[in-house]
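Combine the two chains into a complex, taking the hints into account.
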Amino acid sequence: MKYRSLWIRTAIIVAIFLGGIYLVFGPRRVPNGSDFTWQGIKNNLAENVHLGLDLKGGSHLVMRVQVEKYLKTLTENDREAALNAAKEAKDADNNPLPVVDASSVAENGTYQVNLNVSDPSKNQEVIDAVTKRVDFRDWNQSSSGNTISWNLSTQAQTKLSSSAVDQALKIIEGRINKFGVTEPTLQRQGSADLHQILLQMPGVEDPERVKNLIGSESHLYLMKTADNSDPGKPFPTKEAAVQALGGSIPPNRIVLPLTERDSANKQPQQNQQPDKWLILETPPIVDGSELRDALPSSRTGSDYNIEFHLKPAGAQAFGEWTGKNIGKYLAIVLNDEVKSAPVIKGQIFDTGQIEGKFTKESAEDLALTLKSGALPAPIEYTEERTVGPSLGADSIRAGVEASLGGLALVVVFMLFYYRGAGVNAVLALVLNMILTIAALIVIGSTLTLPGIAGLILGIGMAVDSNVLIFERIREEIRLGIGIAESIKLGFERAFVTIIDTHVTTIISSLILYVTGSGPIRGFAVTLILGLLINLFTAVFVSRTIFNWELARNPDMQRLSI
Amino acid sequence: MFNLFQNIHIDWLGKRRVFIGISILIMLAGLVSAVGRQLTPGGTDAFNLGVDFKGGSVVTVKFRQMPADEDIRAALTNVGIHDAVLQSSTNRPDEMLIRIPLLENTTEGVEVTAEQNAAQVQRGRLTVKQALDTFGPEAEGQNTLDTAPNAAYKIIGTDSVGAIAGSQLRNQAVTATLLGCIGILLFIAFRYDWTYAAGAVIAVFHDVLMVLAFFSVFQWEVNLTVIAAILTIVGFSVNDSIVIFDRIRENLALHRTDSLFKITNDSINQTLSRTVITAGLVILSVLSLVLFGGEVLRSFSLALLVGLTLGCYSTIAIASPIAIWWQDKLGEAEVKDTLAPQRKENMASASRRSVTRRPVTR
Chain A
0 MKYRSLWIRT
10 AIIVAIFLGG
20 IYLVFGPRRV
30 PNGSDFTWQG
40 IKNNLAENVH
50 LGLDLKGGSH
60 LVMRVQVEKY
70 LKTLTENDRE
80 AALNAAKEAK
90 DADNNPLPVV
100 DASSVAENGT
110 YQVNLNVSDP
120 SKNQEVIDAV
130 TKRVDFRDWN
140 QSSSGNTISW
150 NLSTQAQTKL
160 SSSAVDQALK
170 IIEGRINKFG
180 VTEPTLQRQG
190 SADLHQILLQ
200 MPGVEDPERV
210 KNLIGSESHL
220 YLMKTADNSD
230 PGKPFPTKEA
240 AVQALGGSIP
250 PNRIVLPLTE
260 RDSANKQPQQ
270 NQQPDKWLIL
280 ETPPIVDGSE
290 LRDALPSSRT
300 GSDYNIEFHL
310 KPAGAQAFGE
320 WTGKNIGKYL
330 AIVLNDEVKS
340 APVIKGQIFD
350 TGQIEGKFTK
360 ESAEDLALTL
370 KSGALPAPIE
380 YTEERTVGPS
390 LGADSIRAGV
400 EASLGGLALV
410 VVFMLFYYRG
420 AGVNAVLALV
430 LNMILTIAAL
440 IVIGSTLTLP
450 GIAGLILGIG
460 MAVDSNVLIF
470 ERIREEIRLG
480 IGIAESIKLG
490 FERAFVTIID
500 THVTTIISSL
510 ILYVTGSGPI
520 RGFAVTLILG
530 LLINLFTAVF
540 VSRTIFNWEL
550 ARNPDMQRLS
560 I
Chain B
0 MFNLFQNIHI
10 DWLGKRRVFI
20 GISILIMLAG
30 LVSAVGRQLT
40 PGGTDAFNLG
50 VDFKGGSVVT
60 VKFRQMPADE
70 DIRAALTNVG
80 IHDAVLQSST
90 NRPDEMLIRI
100 PLLENTTEGV
110 EVTAEQNAAQ
120 VQRGRLTVKQ
130 ALDTFGPEAE
140 GQNTLDTAPN
150 AAYKIIGTDS
160 VGAIAGSQLR
170 NQAVTATLLG
180 CIGILLFIAF
190 RYDWTYAAGA
200 VIAVFHDVLM
210 VLAFFSVFQW
220 EVNLTVIAAI
230 LTIVGFSVND
240 SIVIFDRIRE
250 NLALHRTDSL
260 FKITNDSINQ
270 TLSRTVITAG
280 LVILSVLSLV
290 LFGGEVLRSF
300 SLALLVGLTL
310 GCYSTIAIAS
320 PIAIWWQDKL
330 GEAEVKDTLA
340 PQRKENMASA
350 SRRSVTRRPV
360 TR
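So the sequence lines, in the order shown, correspond to chains A and B.
Note that numbering that gives the first Met the number 0 has the first sequence beginning at 0, numbered continuously upward.
Note that numbering that gives the first Met the number 0 has the second sequence beginning at 0, numbered continuously upward.
Looking at chain B on its own, in the form it has when it is part of the complex (with noise of 0.2 Å):
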């Protein structure tokens, strides 16, 4: 028998400040670049948002012979597109269209003139042509493939396109995510109590908030993708939660001599190797997501490993000091309550009815 993580005592609890500090730190260098970019004239913005939000252009392009997607990728990351959406003409195999993203730093919202819109599509096309030569020359002009012999490619079409996933769907994205969590907020609070409902629900803030952080520091682009990872993320990091609560519920029943903060650093610990082993399985799927997933899916996996492994640690981090946090003052109200003799008896019912609540000592 394997045994990992066995009479572990480490006081996580102890180390909360360091914890919540680094979080902090983190989500700081995210709201500085959010906000810097934003603030930067000519700079980049906020968020790289991909072609879903921001739209771009359309390039259709006829090839004498269809080079391989990987090819096309490579070729237009050369001359600087790495997020390009390739999509193939299953009923004209000889032709593809080539999705890019706005080139110049246009604000959504802002209506482009037609000028404009007609310049950014010229400038998408010649950049497409750019990478395309590396394939052959043109049939410019008026040639066709047919006229032009030693053309490899034709480009047949360039339009502009608009978002996919206007604000629309990105706010009801978050309008729902947020709807959800109000329902994980009142199951908890049902199951176990207030104290830890805020502590799982401020969890999965931090972790949505950590990834766009990441997300904005280093200009990940961010696409329809990233919604799927960010409500993959909020399941996992409630689901981690619930564990080392289910624990100190179970062990709050067991030891009740122990302060909440010794039973809490205890459960942590004993579900530690769960917590390792299950982590670690999920974040090593994603990293050979990561790794050998391809370019495309890359938003996608990349903020799923940074808010798996975020999941994971704010679940020790963040969720359990707050509750505890939070158990703490009420203990300190109750203790005030008792020195009111007519409320004594309510409070005595209350602590009955929740077996996790009881004063913290240290």
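Just chain A, same shape as in the assembly (with noise of 0.2 Å):
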């Protein structure tokens, strides 16, 4: 009976330790037996442990925010926006300001929105109507004749540059964090008017992906079909919808193409022309900054969609627009193409898809740019390297052979002070190890160096149960108990303590997990993994040894411990 129960112990560690070495030495092919020479171990650790970019390194990319893009798109938002802010403004009696036009210059450094007007008496009355409604807080005003002009000071420009660069450097954070890349490192580099982003990043199986990734833009628009375009019909050409629209575009109209084309890959094909065209209404009912949430979605496994909710705010907008328009046709616009035009057949509030046969990668990237926000200015890369690993290689090699000296210090006191009990607590620790590492790569957490001192950590506390039990056990066995009682009773009192410290220690990582991230994160997740373990190999594994040694000599008078 005794030694059925052992037998049971015995086969769930042997499983369990066969187990951490098959995901230790390559789920991906048979273990062979190079594989338990040290070169061996040594290249499945390098395979199959994700090491961080300070172990490892990765990809070092340089790039530039385009800020006088950025600026130029103020510039003519604003333009525009004044225009129809001095359009829609009434004067003192009631008649319309005398504006003309308005035009706006964004070149070689300099900013500037001019508005033409008929009467110049009018136009302190015209600043007034624009100032209410556009900030030009930034801008130096000037009038002279019939221009009213606001100009971006150089100050202002490097201000609204730089606020710029931080603005973008958050987003690229999001998408690659999003995306999964763990604890890449994102800074500011060169001088202030640069406006260089310098981004390193640990390997990633597809950096060219990632790359794409953090320069794409996304823009979506559900906007409204004009009533005389048929998307059952569409236009062939763009000149035959223009045709249709009487030889010009009006200002709240435009023309773009209708596509099912995957429009991820970015490769320009110019020499294919769509040969769909639509005629749209706009400003559009909602654009993509009231975007809630965006998630690839596929029915059939192949041709996926990206289904998107919207904010409040939206839906609202949303819901009252699609109520009205019942039997109309809704456009939905991503990144300046028709992706599809349905008809509208009820009210529809805050979800919809844009159907699109995209493949699945396209899709998660999509739906990533969609939530994350646009960037305020395209980027460009500039530099493009692959770095070793940033503590260096000296020093890793430093470290690890100092570990593994450390390491052998605390086996060799184990086995001289312990002496048999010693064999299991080493026993314990490299099964812990082992298992650790196995957890590592299952779960595919990267490891930095804070992940290291978890380990550390995880291992003193593994050393520490070892000890608190083994004292444990010498105290009872002094006041006289027998042997077994005393491994019992020493297991049993040492438990207690082991699953406070243990536990502790796991809710205070838990609290780090959820409130840090990057190295605060691999500190927690390898430091959480190392106690779980280590509640079954200090106590479960330590205890069955013990227990084969009392089977086997039952009225054992003097225990090696």
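Keep in mind the hints are simulated off the structure, nothing from the lab.
Hints are not guaranteed to be accurate.
Among the chain B residues that face chain A by a calculated CB cut under 10 Å, a handful are [stated by the list, open to error]: (1) Arg72; (2) Ser159; (3) Val160; (4) Leu178; (5) Phe291.
If you're wondering where the values come from, they're calculated on a predicted model, not measured in any experiment.
Backbone N, C-alpha and C define an ideal beta-carbon position, used for all residues, glycine too.
This is the structure:
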């Protein structure tokens, strides 16, 4: 009977041990003899454990935020807004203001908005009307004759550019984090007027995809298809559509191609002109800034769609509009292409779908870029290289050697001080390390120096658990209780302590994991894994070995401890 | 059977004033160092922050014959740069990125003008050049390694870099650790008693502050790895405290007539062999990392060495005395409470609920 439970315990241990070994030594192929040589072990670990930037290196990308494009867009948007504001406003006698048109300059460091008026005496009224609606606080205002100008000072340009770079930094960070790149480093590089960002990320399988993802722009608009444009019978060319509008595109209309092609592959296909065109009404009903969430979805498993959810305000506007326009066509516009133009069958509030026959990857990337918000300006890559570990290969070698030395010291001491029981402890420790590494491989966590600190603490607490148990057994033996009873009591009493220390540390690590990011999470993950595994190895495994000794020699008078 | 520390009867709690005095002295030294350095005009900062926290420059160097990392680091140390990060460029094996911290003392957060920035980068370049000249002359000006046959290397790029770990990460680390401490506080209070929880958490703060004091006094470089070390120290300190608390709880149940004062001393003494063995092993391992782990890991290993040693000390010298001191205060309160008959019943049930709480007699 005694043996039966022992055999079960042993079988559990052996099964878990073999499982751990299998996971460490490559589930992708059959382990062979060379895997158990020193070099083989090193190669296997290097292959299967994801190492972070500090331990292994990765890609080094320097990118530049094209702030001049940001300022240009800003200038043009302000020009339109100023013109609209001036045209919609009335003077004191309720007559329209004498605004003719607007122009803007955006080159060579000059960013200027000009409003042309036909009656200079009303200039102040125009200025008041415009500045009430458009934020020109950072701009220098001047008026001469028939022209009112707003000019962006150099200082304001620097300030706006700098905030654009900061914003880009945040968005890029969000994108790479959501993509699952673990612990990248992202920082500004070079002097402020270079507008450069340095990204270093640990080895990812497909760096090109990450590069595209970071730089890509995704704009989503929900628009109304113009009444004279039937998605069932689209125009064959852009010119035909313009012709239908009477030769020129009015300001509240836009002509866009209708395409169901996967647009994530931004390979230029200049020679292949789209052959379906639609006329849409501007402004859009809802734009991408109203998105609450976007995720890829697929019914068949091959053609992917992107499901989106709107924020309350956007959903309100969309619901109102769809309620009023049942039977009309909606246009879902992604990156200046109409992805689909469904007929509105009923009121829709906050959920919709972009149907586009996307691949799984492109649907994921599009959803991600839609969700993370738009970059303030396009970015370009200025430098690209792959780099070695940021801690330096020499320091890592020294660190590994020193740690192994420390570990050897622990093993020697345990064997010397606890004799037979020391073997238990060492076995439990080896099993603990194998299982922790296996667990890291299974969850695919990236190991960095803070992670190693977590491992060190885990191993330290594993050694401590053994010391606690052994010292307690010794105490019980000194009290003159029999060997078997001493082992039983020693484990029982030490177990209370071990549970308390482990649960406390696991609770605080969980809090670190939830509230922290990057390095702090890396620490928490390895520590939690190490401690959970230790509860098994230090208590269950070590106890089983003692029980075997007892079962073989029930009347044991001396225990090697 | 070897036995260390059997039948020890040291009056640890009797020496608590000495222990607490020593701790306060070291913390004061740290405070004086931090504040003093900050206030001295032109002096160093409170902490010697590394590239991770403060930013610095990256110098990209192309070598004709790539020297060993150790040699480059030694050359840089000779010109006074101790905390350089060497990052090889794996797709261009003859190039090396050398990150060095800011050379002048610039306070973080203050906008640096473009000129100051350029001057900083230029100084960084010159210092690196001075160090690398030990390997041979640089191909200067328009020359490349091809056109200058005598040159050993060429600096092909110099850039300033911002901090990797800005104030955001630092604040986050502090917040996460504080929240973690609240978790520890609640759990120990649930398993033991509020007084013990307070003792353990105050000991944690003690350890972290002491480590920071050491870093300020000795001006060891504070980089990202120190955050990892501090998280480790917190875990170890709590672990140690709980082991002793657990013994106190057990002894309280066994020896109902003894005073808490005696029981705590006994508990520390009974677990002393375990404390010494565990702490000794951990500290020896970390010592091996300090001695042989290399320059880059020095901050990490020094923080661990100081913190783990203190974690062990603070359990005996700080956590237990504070728990006992507080219980003592509560005990006095309970004695007063028992004079009020209508509340007597409540008190009785309260002390039954918590086996650890009882009046202290000395």
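Cross-check of the supplied hints:
1. Below 10 Å, beta-carbon pairs count as interface contacts, and Arg72 (chain B) has one with chain A at about 7 Å; its hint therefore holds.
2. Look at Ser159 (chain B): its Cβ gets to within about 6 Å of chain A, closer than 10 Å, so that hint holds up.
3. Hint status for Val160 (chain B): holds, given a least beta-carbon distance of 5 Å to chain A, under 10 Å.
4. Contact between Leu178 (chain B) and chain A, as hinted, is supported at the beta carbon level, the nearest pair being about 5 Å apart and thus within 10 Å.
5. Using the Cβ-Cβ criterion of 10 Å, the hint placing Phe291 (chain B) at the interface with chain A is satisfied: the shortest such distance is roughly 4 Å.
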